[in-house]
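Enquirer: Below, each chain spelled out in residue letters.
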Amino acid sequence: MARLFEYQSKSLLKEKGIPIPRGGVAGSPDEAVKIAGEIDYPVVLKIQAWVTGRANLGGIRFAENADEVKRIAGELLGMKVKNFTVEKILVEEKLDIEREFFAGIIVDDAEKSPLVIFSSIGGTGIEEIAREHPESIAKSHVDPLFGFKDYHGRELARKAGITGKLIIKVGSVLSKLYNVMKSYDARSAEINPLALTKDGNVVALDCHITVDDYAVYRHPELGIEIAREFDRPATELEKIAYRVEKKDYRGTFYFFQMVEKVPPDGKHIGFHGAGGGGSMMSMDAVLNAGFKIANFCDTSGNPPASKVYRAAKIILSQPNIVGYFASGSGVASQEQFHSARGFVKAFLEERPEIPAVLRLGGNFEEKAIEILHTYLKELPAGVEGYGRDDSPDFCATRLKELVEKNGGKPHTPKPYSEYTPKEGEYSFETITGRIYIDHELCDKCETKGCVSECPKEVLKIENGRAVLNMDPEEVKKGKCTECLACEIYCQFHGAGGLHIVLPIPGLKEYRERILKEIKEG
Amino acid sequence: MSILIDGKTRVLVQGITGREGMTRTKLMKEYGTNVVAGVTPGKGGQEVHGVPVYNTVKEAIEHEGQIDAACVFVPAPLVKDAAFEAIEAGIKFLVLVPDRVPLHDTLEIAAFAKKMGARFLGPNTLGILSPGKAVLGMIGGRAQSAREWFRPGPVGVTSRSGGITSAISYYITKAGFGESTIVHVGGDAVVGLPHPEIVKLFQEDPETEVIVMFGEIGTTQEERVAELIEKGEVTKPVIAFIGGKAAKSGTRFSHAGAIVEGGRGTHESKVNRLKEAGAYVVDSFMEIPEAVKKVLKG
Ligand code: SF4
Ligand code: SF4
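Quick mapping for you: the protein sequence lines, in order, are chains A and B.
Using the working numbering, you'd call the opening residue of the first sequence number 42 and step up by one each time.
Using the working numbering, you'd call the opening residue of the second sequence number 7 and step up by one each time.
The reader is advised that the hints may include incorrect statements.
To be verified - Pair ranges (Cβ atoms, derived): (1) B:E239 to A:N242: 47 to 57 Å; (2) A:N97 to B:A181: 50 to 60 Å; (3) B:T272 to A:H182: 16 to 26 Å; (4) B:R16 to A:G205: 54 to 64 Å; (5) A:E134 to B:K64: 55 to 65 Å.
Worth flagging that the hints you see were computed from the coordinates, not collected in a lab.
Since we're looking at a predicted model, the values are computed, not measured.
C-beta: ideal position from N, C-alpha, C; glycine also.
Turn these sequences into a full structure, and let the hints steer you where they fit.
Expert: Dropping the structure here:
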């Protein structure tokens with residue numbers, strides 16, 4: 042779930058007609074002073090971060106005049122809370138509060154429908170209040186084909202003990218909140234507290250909204266950078282990974298770091314799963330073997346070799362990991378040799394000095410394992426492939442043995458490099474990259490096997506040289522599936538004329554930065 | 007017997023001319039599924055692996071007669087439209103394969119299906135397979151593998167993870183048993199036929215003697231299965247494994263969620279509830295075949 046900050050959530054409420062305090066968001070003390078000047082003192086300043094209990098962390102402060110605003114804003118901006126560095130603060134009018142309520146909507150998986158919850162007691166400690174005062178809480182499921190109307194809201198307010206004219210205002214806030222939820226594809230939306238002010242208005246004082254990852258594409262206006270659930274801002278490497286996923290709709294690629302900087306404790310490994318359940322089972326196995334996990338990664342849903350390749354390159358960008366473990370369910374329905382080729386290309390480029398255990402059980406696993414063992418046998422610390430009859434526990438223990446044999450040597454990423462073609466070298470675009478063919482090398486090639494390796498008949502031989510066998514537009518649209526078969530064949534059994542370049546934007550700069558950091562200690 | 011499908015089920019494939027639609031139609035046909043028609047708007051008149059393609063679901067029904075099940079392979083943003091079309095045309099069982107279907111779309115599909123008396127698996131499902139009879143979706147990947155990996159037998163398999171669905175069933179077959187039906191309920195938070203519904207169907211199925219369930223953290227599905235066992239609605243032995251012990255427990259932000267779920271959804275809660283109810287909860291995935299053996303051989 043992509044989380045929105047309080048100020049973003051509130052702007053959605055406002056747009057649908059739910060009253061919020063006057064104010065605005067500031068990224069500098071001067072901006073804060075300017076916003077405060079447009080409303081009346083005292084004002085409240087609130088850090089914008091995905092943490093609960095901001096008040097206790099000193100993240101909610103009050104100011105009586107411009108000087109105080111400037112000073113406090115200076116203290117709050119840049120403040121570190123949990124995994125967060127505060128970049129923005131919300132500056133708002135301080136209201137006189139009479140009473141606090143709670144309003145929230147979630148999706149109830151059992152009923153397969155949204156559930157609107159209203160409590161006539163709200164504020165901090167709402168979960169305990171719910172336990173101790175069940176009578177103050179009213180809930181109602183929504184028929185998504187019909188919606189949640191004002192009168193539904195009024196009925197809910199009444200059931201929670203609200204009386205008189207207040208019922209109208211509360212009811213309308215509830216139906217508008219549902220409107221926000223539906224319009225912005227939220228998975229959850231909650232206002233806590235929803236306040237009744239001394240002058241009789243019902244105002245949303247704080248608000249949390251999470252947006253459905255799968256529907257973020259419908260809402261470019263929300264400017265969500267990574268449509269994934271995080272309890273902290275994304276790391277640079279995660280952003281790089283997310284851009285890869287966004288550009289390539291084939292299969293799923295998910296990457297996040299358990300630790301942003303892997304400590305040199307000899308315990309952390311790079312983890313590469315396939316499929317949710319298989320990944321969890323495999324993670325359990327590596328943890329049981331005494332390892333720690335540096336990152337979680339999942340490439341599944343029949344991903345092309347190019348995606349697995351990019352995932353492996355990103356995982357191998359983490360210094361200090363001591364091993365690489367890939368394992369899915371063990372009985373995958375996809376053709377596993379595609380993943381195998383992705384690993385081969387990445388590992389040959391990176392030549393990691395740490396061992397790897399790659400469990401590629403499933404369709405055509407024999408071929409997949411053979412590919413790994415044939416082309417990666419030269420790697421110094423060992424790469425072993427396994428299949429469906431080798432359990433995750435066995436594979437994790439095997440990695441442990443290899444890591445020990447390797448003396449627990451930590452990984453150091455290489456500087457990022459890409460193949461540099463000769464001037465005017467023959468080339469064509471694929472869906473996410475480019476294939477280069479050096480025809481002078483083709484002239485020396487005896488096998489010309491790239492052609493028969495290609496399952497899609499993308500290539501043919503003309504005058505002894507490999508060239509396109511079809512319209513370049515078709516190839517670019519996906520006729521070439523980036524299976525990497527031609528390149529691996531050519532490099533090992535041809536004259537080495539064919540190179541596939543699959544860029545990973547941002548990785549070069551990332552590697553430069555971390556290598557510099559390592560050098561400077 | 008099997009649940010939800012059998013060898014006679016007349017199947018329609020929506021999105022049959024796409025990359026996945028074509029590949030999976032081949033698998034289904036080769037395995038023996040009775041695929042009678044396909045739909046891709048604008049591509050009516052073509053054929054895919056011998057299956058006639060129509061422009062709309064109603065057109066397919068006009069030409070081919072009754073359809074029992076629809077298998078949906080259209081891109082995620084179009085799933086809602088395709089599902090509504092099938093349900094409105096009177097199809098009573100759907101398999102929604104695509105991943106990344108927006109949650110609110112799923113909710114609308116669920117509401118409409120309920121109104122029309124239809125049921126659906128997914129979204130984000132590998133589908134359902136009944137060994138020797140039929141497969142809807144993509145379990146097994148290739149017909150030849152599916153025949154090797156799964157055999158007819160007394161074990162009903164229901165799983166929340168796609169890959170694990172095949173894995174459990176394969177290890178059960180390897181241990182010398184077979185499966186009545188293999189179901190991937192789908193990986194999303196809200197799915198049409200969650201564990202409790204599938205478990206109830208296995209309870210009614212005379213061929214199924216033992217139920218194997220792969221659960222995961224999140225949602226209340228496994229706890230609701232525990233409730234069914236406690237209430238006596240499910241009396242067949244249930245062997246359960248809950249994945250995700252190691253998963254970092256996400257910081258919970260939704261108070262509303264906590265109020266409703268009240269501590270349900272965690273690994274611990276699921277394991278405890280199932281144990282209390284009398285299910286056989288195994289600690290390691292690889293213990294499942296052993297547990298099946300114990301239950302069946304008594
Ligand atoms: S295998 Fe390589 S060198 Fe040989 S023809 Fe093909 S591309 Fe050229
Ligand atoms: S040209 Fe053919 S063999 Fe080479 S990557 Fe593309 S599809 Fe694979």
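Enquirer: So, for every hint listed, does it hold in this structure?
Expert: Against the structure, the hints:
1. B:E239 to A:N242: 47 to 57 Å: holds, 50 Å
2. A:N97 to B:A181: 50 to 60 Å: holds, 54 Å
3. B:T272 to A:H182: 16 to 26 Å: holds, 24 Å
4. B:R16 to A:G205: 54 to 64 Å: Holds - the Cβ-Cβ distance for B:R16 and A:G205, about 60 Å, lies within 54 to 64 Å.
5. A:E134 to B:K64: 55 to 65 Å: holds, 58 Å
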